[in-house]
Structure formats: C-alpha cells, structure tokens
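**Student:** Go ahead and model the full structure; you've got the sequences and the hints to work with.
So the sequence lines, in the order shown, correspond to chains F and B.
Letter 56 of the first sequence, counting from 1, is numbered 56 in our numbering, and no numbers are missing.
Letter 44 of the second sequence, counting from 1, is numbered 44 in our numbering, and no numbers are missing.
Since the hints were made in silico from the structure, they are not lab data.
Virtual Cβ for every residue (Gly too), placed ideally from N, Cα, C.
Be aware that a few hints might be false.
What the hints assert, rightly or not - Reference excerpt, derived from the structure (chain F facing chain B, CB under 10 Å, subset only):
| no. | residue |
| --- | --- |
| 1 | T114 |
| 2 | G137 |
| 3 | G172 |
| 4 | C177 |
| 5 | Y180 |
To be verified - Covered stretches of chain F (in silico footprint by chain B; criterion: 3 or more residues with CB under 8 Å from a CB of chain B, positions within the stretch not fixed):
| no. | stretch |
| --- | --- |
| 6 | 76-90 |
| 7 | 161-170 |
| 8 | 182-196 |
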Amino acid sequence: MIAGAISSKKSSVITAIALTPGVAVKVAESNADECFAQLFEKIPVKLTVNNKAYQTTVEPRVTLLDYLREELHLTGTKKGCDHGQCGACTVHVDGQRINFCLSLAVMNEGKKITTIEGLANGETLHPMQAAFIKHDGFQCGYCTPGQIMSAVACVREGHTGSRAEISEYMSGNICRCVAYLNIVDAIIEVEEGGETV
Amino acid sequence: MINFQYLRTTTAKSAIALLVKDKNAKFLAGGTSQGGSATLSTVGSAVNDVCVALKSAIAELAANSNMDATANFVDVLKKNNLPQIEVTKESQGGKERDNYSMYSFSIHFVQVKVHALTGVVKVSKIVSVGDSGTIVSPKTARSQMLGGAVGGIGMALTEESVIDHRYGRYINNNFADYHVPVNADAPEIDVNFINKPDPHINPMGAKGMGEIALIGFSAAVANAVFNATGKRIRTLPITPDKILT
Ligand code: FES
Ligand code: FES
Chain F
1 MIAGAISSKK
11 SSVITAIALT
21 PGVAVKVAES
31 NADECFAQLF
41 EKIPVKLTVN
51 NKAYQTTVEP
61 RVTLLDYLRE
71 ELHLTGTKKG
81 CDHGQCGACT
91 VHVDGQRINF
101 CLSLAVMNEG
111 KKITTIEGLA
121 NGETLHPMQA
131 AFIKHDGFQC
141 GYCTPGQIMS
151 AVACVREGHT
161 GSRAEISEYM
171 SGNICRCVAY
181 LNIVDAIIEV
191 EEGGETV
Chain B
1 MINFQYLRTT
11 TAKSAIALLV
21 KDKNAKFLAG
31 GTSQGGSATL
41 STVGSAVNDV
51 CVALKSAIAE
61 LAANSNMDAT
71 ANFVDVLKKN
81 NLPQIEVTKE
91 SQGGKERDNY
101 SMYSFSIHFV
111 QVKVHALTGV
121 VKVSKIVSVG
131 DSGTIVSPKT
141 ARSQMLGGAV
151 GGIGMALTEE
161 SVIDHRYGRY
171 INNNFADYHV
181 PVNADAPEID
191 VNFINKPDPH
201 INPMGAKGMG
211 EIALIGFSAA
221 VANAVFNATG
231 KRIRTLPITP
241 DKILT
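**Tutor:** Next up, the structure:
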C-alpha cells in the first residue's frame, strides 16, 4: 500500500513535468529524464565480492555478470552465451558454483561472491590455477576462468571419484579449444595433492 | 633484447623454447598473420635467423677485441662495455618454397559404439598420429591434437547449423540446439608424433599442425560407423536418424 502510494506520487510528479512543454524540452536536453529514471529505477544492493564489500544501486534487470564486468571492472569472469549454456561466467556464490549470467545483481543481496580474481592468494596461485598451467588446461583461455571456478567447486563437492565422474560434473563448462582431458588431469592432480582448495 | 642463454644452445629449437619462456624477450614479428598453420614456420624461422645473426654479431665483437671466438658472451660484452646487444633481422622465405610441398600429415584411429536400438554413436577410443616435422612444443602440440580429435567428434556426430531458408537466419544459434562436445564426450585419446624434422621447410624442420589435428577425423568416424553397421553415411553429422533409416 505504502509503496503504491509513493510510486503514484512519483508518477504524478513526472506527469506534471511532462505536461509543461517548455520544461519538457529542457528536461530532454539536459538528460534529466535519465537522471529521474536512475532515481526511480535503481535498487540498492549490498554485495561482498572477493572479500570486499560493495554497496551500490543497480537496475533490477542487470545481471550480476554485467554488473561485475561493467561496474566493478572485474573482467576475469567471461560472457560466452548469456543464456546459461556455456559456463564461461561460472563464479561462486556463498561457496556454490553458479552461472552468473542467469543471476540478477539484485538477487544476490548480502551474498558472498568469489570470482577468478579472488582465487589466488596475492601472487601465489591457487593450486587449481597452478595445475591448469602445469597440465595445459587451456588454449585460447576464454573458458578458463569459468573452468577453474567450476573445477574448484567440483573438488569441494567431492565429485572427483573417477575420471568419468569429473568429466560429468565439468560438462557444464564448454571449451571450444577442447582442453577437457587436460582439465581433468589438473583436477585429479589437485585432488590427489590433498591441498585445501 | 635477447638473453645470452639462447646463444649457448646449439639448435634453433631450444633457442625458441627458451625465448618463449623469457618475459624480457620482445617479439616484433610483423608481416605474417597467425593462421594457415604457418605461424611456427614463419615466426619461428625469423627467431632462428635473428639468433644466428646475434651469434655472429657476438663472434665479430669477440674477434675485434682480440678474444677467442669461444669466449663467454658476457665477457665479450663486458670487455666492450656493452650492457646489451641488439640485432634486428628480416627473415624471408627461400626458393625451397617453389620446389617442395610443405604439407603436414595425420592419421586417426577411432573406435565407436553404435547403439543397436537408438542408433546413437559414441566414440570410445581415439589414437591420433601427427607428422608435422619437428615437434617444437610437445605439450601444446598434444593439446592441439586432443582439441582436433574432440572437435572432430562434434563435426562427425553432433554439430549442424540449420538455416531457415525463408529468412536466411540460423535456427539453432545457441548451445542448447547446436551441440558442441562437452567434457563427458571426450574419450581416452592417445596422441603420437612422428617428430622427424622436415629438411626443407625451415631450419627447425617444424611444420604447422593446426589443421591436421582435425582433418580426416570425421572420415575416420564415418568409416568406423560403416564397420559397425554396414551403413555408408555420406553427410555429416552422423545423427541417429541417418543410421536408423
Ligand atoms: S555466459 Fe553464462 S553460461 Fe554462458
Ligand atoms: S581454452 Fe579456448 S575455449 Fe577453452
């Protein structure tokens, strides 16, 4: 009820402005409509990305993937399809791997997000990153941030019982260069190395 | 700027291997595009040529400063008060180009399992052998062959772009409808190389291998399907409907 009253108040203000011709032209010229839109359409969110807290406002239609890349400039996470079909955008939300292109920024209020940029410890690579390099787990590298995030989650989930099981649980991440076998080798090495990932 | 250790190496192959590892070495390779499996042959030859030129530049410095030709390079530079030495060399193809072909070759062995009821084909084992002269980087060469083989599975069995002929657009322009192989589609793959230098193509004897990893693969799958079912399928991809009819 209250929200409805406020929004109807807002819209009557806009109508009043819109009906005044001189003002309307000025508004358009100064891009004020954009500013208004921002005021009304953006929603506040609080996120923690790679242990850093962010408090901001975003439009509700913005995916977290776009928000990370365009606003926070964390471009390590890639967009392959924007349809949840390729896995290039895989990140961890509260420790679980998800396709970020399918998650709106506003849905992640208060969540803890880890991207590929947050995996290494300073200059020391995460064991999975090191294993990918050792086993040549990539060629062009486009799918790699997603593969590594998925691989880390795969180990944490305990889906590393056999090559076949690893392959199955890594099949949400498409690699057009086909580094699949090397990726499985990398995961096996990390699993057998016994380090906490 | 090129590190001295390259000059102690005897072959161009090891020089290149070291060069690519050195963060300080700068490549100013121009004039060649990356493609046609020609990058290694062209850029690699240029690196080889500049290493050879550098070697003789240092030998000359040594001779001018009355040092033995076998003297340590660092000492030669020290004696001449040089912090570094720079050599630029333009590298060009020779007349061998006209007299020899420079193809690489590959052969693929494929084992398939065809489901008797559903006609689904599964590639269960692959052996690929590549002959592209000297193998400069065994690890990445192997990755290239793996990529070609599994890419070939997609080409042979699942990948098909369907066009709507009324509007000229692709109907299946997404990964849900256009099936590229995923991790679980990659079987056990055994990659081998002949690894014998080609005496004519370039000083390294190394040829490109971008294409040979894939070429021939879908034919091998089609042959295996023929062996398994007695059916000659002549249009790719070999989907169950073609096997069942
Ligand atoms: S970009 Fe998210 S799954 Fe492809
Ligand atoms: S490394 Fe190129 S797509 Fe995976």
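**Student:** Please list, smallest to largest, the hint numbers that this structure does not respect.
**Tutor:** Per hint list: single violation, 1.
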